[in-house]
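When you line the sequence shown up against this note's numbering, it's residues 1 to 348, in that order.
Heads up, some of the hints might be wrong.
What the hints assert, rightly or not - Simulated crosslink set (DSBU-like; lysine-lysine; CA at most 30 angstroms straight-line):
id: 1; residue 1: Lys-77; residue 2: Lys-67
id: 2; residue 1: Lys-296; residue 2: Lys-204
id: 3; residue 1: Lys-316; residue 2: Lys-77
id: 4; residue 1: Lys-296; residue 2: Lys-85
id: 5; residue 1: Lys-77; residue 2: Lys-41
id: 6; residue 1: Lys-318; residue 2: Lys-41
id: 7; residue 1: Lys-296; residue 2: Lys-41
id: 8; residue 1: Lys-204; residue 2: Lys-67
id: 9; residue 1: Lys-67; residue 2: Lys-41
Said to hold, decoys possible - If you anchor each label on the Cβ, the simulated ranges turn out as follows:
id: 10; residue 1: Gly-37; residue 2: Ala-89; range: 21 to 31 angstroms
id: 11; residue 1: Gly-241; residue 2: Asn-65; range: 24 to 34 angstroms
id: 12; residue 1: Ser-206; residue 2: Gly-254; range: 52 to 62 angstroms
id: 13; residue 1: Thr-45; residue 2: Thr-243; range: 23 to 33 angstroms
id: 14; residue 1: Gly-245; residue 2: Ala-154; range: 32 to 42 angstroms
id: 15; residue 1: Tyr-166; residue 2: Asp-289; range: 34 to 44 angstroms
id: 16; residue 1: Asp-209; residue 2: Pro-240; range: 55 to 65 angstroms
id: 17; residue 1: Asp-282; residue 2: Thr-257; range: 23 to 33 angstroms
id: 18; residue 1: Ser-206; residue 2: Glu-334; range: 17 to 27 angstroms
id: 19; residue 1: Lys-41; residue 2: Tyr-166; range: 22 to 32 angstroms
id: 20; residue 1: Gly-254; residue 2: Val-291; range: 42 to 52 angstroms
id: 21; residue 1: Gln-56; residue 2: Ala-89; range: 13 to 23 angstroms
id: 22; residue 1: Glu-320; residue 2: Gly-285; range: 27 to 37 angstroms
Think of the hints as simulated: they come from the structure by calculation, not from any bench.
Predicted model, so just to flag it, every value in this text is computed and none were measured.
The beta-carbon is built from N, C-alpha and C at its ideal position, and this holds for glycine as well.
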Amino acid sequence: MPDNPDTQSPPLDPESPIYVAGHRGLVGSAILRKLEGAGCKNLITRTHRELDLTNQEAVQAFFENEKPEYVFLAAAKVGGIMANKTCPAEFIQQNLAIQLNVIHQAWRTGVKRLLFLGSSCIYPRDCPQPMREEYLLTGPLEATNSPYAVAKIAGIEMCAAYNRQYGTRYLAVMPTNLYGPGDNFDLENSHVLPALIRKMHEAKASGQDTVTVWGTGNPRREFLHSDDMADACMYLMGLPGETFGQALNPRVSGPATYALPLVNIGCGQDITIRELALLVKDIVGFGGDLVFDTSKPDGTMRKLLDISRISALGWKQKIELRHGIEDAYNWYIENYRVLDSSRGGKAH
Numbered sequence: 001m002p003d004n005p006d007t008q009s010p011p012l013d014p015e016s017p018i019y020v021a022g023h024r025g026l027v028g029s030a031i032l033r034k035l036e037g038a039g040c041k042n043l044i045t046r047t048h049r050e051l052d053l054t055n056q057e058a059v060q061a062f063f064e065n066e067k068p069e070y071v072f073l074a075a076a077k078v079g080g081i082m083a084n085k086t087c088p089a090e091f092i093q094q095n096l097a098i099q100l101n102v103i104h105q106a107w108r109t110g111v112k113r114l115l116f117l118g119s120s121c122i123y124p125r126d127c128p129q130p131m132r133e134e135y136l137l138t139g140p141l142e143a144t145n146s147p148y149a150v151a152k153i154a155g156i157e158m159c160a161a162y163n164r165q166y167g168t169r170y171l172a173v174m175p176t177n178l179y180g181p182g183d184n185f186d187l188e189n190s191h192v193l194p195a196l197i198r199k200m201h202e203a204k205a206s207g208q209d210t211v212t213v214w215g216t217g218n219p220r221r222e223f224l225h226s227d228d229m230a231d232a233c234m235y236l237m238g239l240p241g242e243t244f245g246q247a248l249n250p251r252v253s254g255p256a257t258y259a260l261p262l263v264n265i266g267c268g269q270d271i272t273i274r275e276l277a278l279l280v281k282d283i284v285g286f287g288g289d290l291v292f293d294t295s296k297p298d299g300t301m302r303k304l305l306d307i308s309r310i311s312a313l314g315w316k317q318k319i320e321l322r323h324g325i326e327d328a329y330n331w332y333i334e335n336y337r338v339l340d341s342s343r344g345g346k347a348h
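Taking the hints into account, I'd like the entire structure generated from these sequences.
Below is the structure:
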């Protein structure tokens, strides 16, 4: 077990073995496309059926056999408000197990760089806006997704602990709300934007007069296209050694008491859920009315990331929100028959 796999940690080498954990998910699939487009030839992937990342022995055998040099840890159990409310034990247990196994085996087998993907829900419910990386652990979490958030916070601390004790080069990135091709459009456990796309499309197709939106519509959210997220991940993983080291050990100010290898990824702009619903309504072409069900939870009222750190490293968003939603909707139109039939539901 190496104490330090590579203190200089060269930028991402397209000839090196690169493992994308969670390559079928929204972010993982976008990262895989980005890597393929960059000419990376030695890409390693496994489906859940091929490799259960919660299985310690299986993950150990995988890393010992494949010996990846770079790891994108995008695998996770994810879902919206209802999914988090219904299955809190699964959200904390499965995410903790995945992170524990992958990060530990990455160290054991000498991985040069690892990028751990978290979520902006790690920040306190009443966090000052925009949310700086230094605000982590400064207040209570949003109750509707705290098990998931605690698991992700543990992953950040695990990266920091291994960096500190073993000299590893593990960086945690915190994306804002993501959307794009390959998103989860299941109305029971999807996030707000894909749920709105599906609701509006089905209402338009069936001639409904109204679409119901959860909550008051007043919460504000920031959205980033999955291709932009993948681009940011590639950019960070490919930073020169010294600059990558600065990301791992940033200068911090209050209220943080110590530096964490943590970088927010977002666009720096947010809109209300009401504004988002009206935008999706326009893009889909739904001519009916929106009804806001105020008996349903709003969640955190605002979640806007401070992106000063990644901006200083030289990266910025490329895909504007309307264009991105149009892209996601076009993907949904082309694929939703397959999505419905795979769930045993009605194809439209």
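Against the structure, the hints come out as follows:
1. Lys-77 - Lys-67: holds, 25 angstroms
2. Lys-296 - Lys-204: holds, 23 angstroms
3. Lys-316 - Lys-77: Distance of about 27 angstroms is within 30 angstroms: holds.
4. Lys-296 - Lys-85: Holds. Lys-296 to Lys-85 sits at ~12 angstroms (cutoff 30 angstroms).
5. Lys-77 - Lys-41: holds, 28 angstroms
6. Lys-318 - Lys-41: Roughly 26 angstroms between the alpha carbons, so the hint for Lys-318 and Lys-41 holds.
7. Lys-296 - Lys-41: violated, 47 angstroms
8. Lys-204 - Lys-67: violated, 50 angstroms
9. Lys-67 - Lys-41: Since the Cα atoms of Lys-67 and Lys-41 sit roughly 15 angstroms apart, the hinted pair holds (cutoff 30 angstroms).
10. Gly-37 - Ala-89: 21 to 31 angstroms: For Gly-37 and Ala-89 the Cβ distance comes to about 39 angstroms; the hint is violated.
11. Gly-241 - Asn-65: 24 to 34 angstroms: holds, 28 angstroms
12. Ser-206 - Gly-254: 52 to 62 angstroms: For Ser-206 and Gly-254 the Cβ distance comes to about 54 angstroms; the hint holds.
13. Thr-45 - Thr-243: 23 to 33 angstroms: The hint (23 to 33 angstroms, Cβ to Cβ) holds, given that Thr-45 and Thr-243 are roughly 28 angstroms apart.
14. Gly-245 - Ala-154: 32 to 42 angstroms: Taking Cβ atoms as reference, Gly-245 and Ala-154 lie about 23 angstroms apart, which means the hint is violated.
15. Tyr-166 - Asp-289: 34 to 44 angstroms: Violated - the Cβ-Cβ distance for Tyr-166 and Asp-289, about 58 angstroms, lies outside 34 to 44 angstroms.
16. Asp-209 - Pro-240: 55 to 65 angstroms: holds, 57 angstroms
17. Asp-282 - Thr-257: 23 to 33 angstroms: violated, 46 angstroms
18. Ser-206 - Glu-334: 17 to 27 angstroms: holds, 20 angstroms
19. Lys-41 - Tyr-166: 22 to 32 angstroms: Cβ of Lys-41 to Cβ of Tyr-166: about 29 angstroms, so the range 22 to 32 angstroms holds.
20. Gly-254 - Val-291: 42 to 52 angstroms: holds, 44 angstroms
21. Gln-56 - Ala-89: 13 to 23 angstroms: holds, 19 angstroms
22. Glu-320 - Gly-285: 27 to 37 angstroms: At roughly 19 angstroms between Cβ atoms, Gly-285 and Glu-320 fall outside 27 to 37 angstroms, so the hint is violated.
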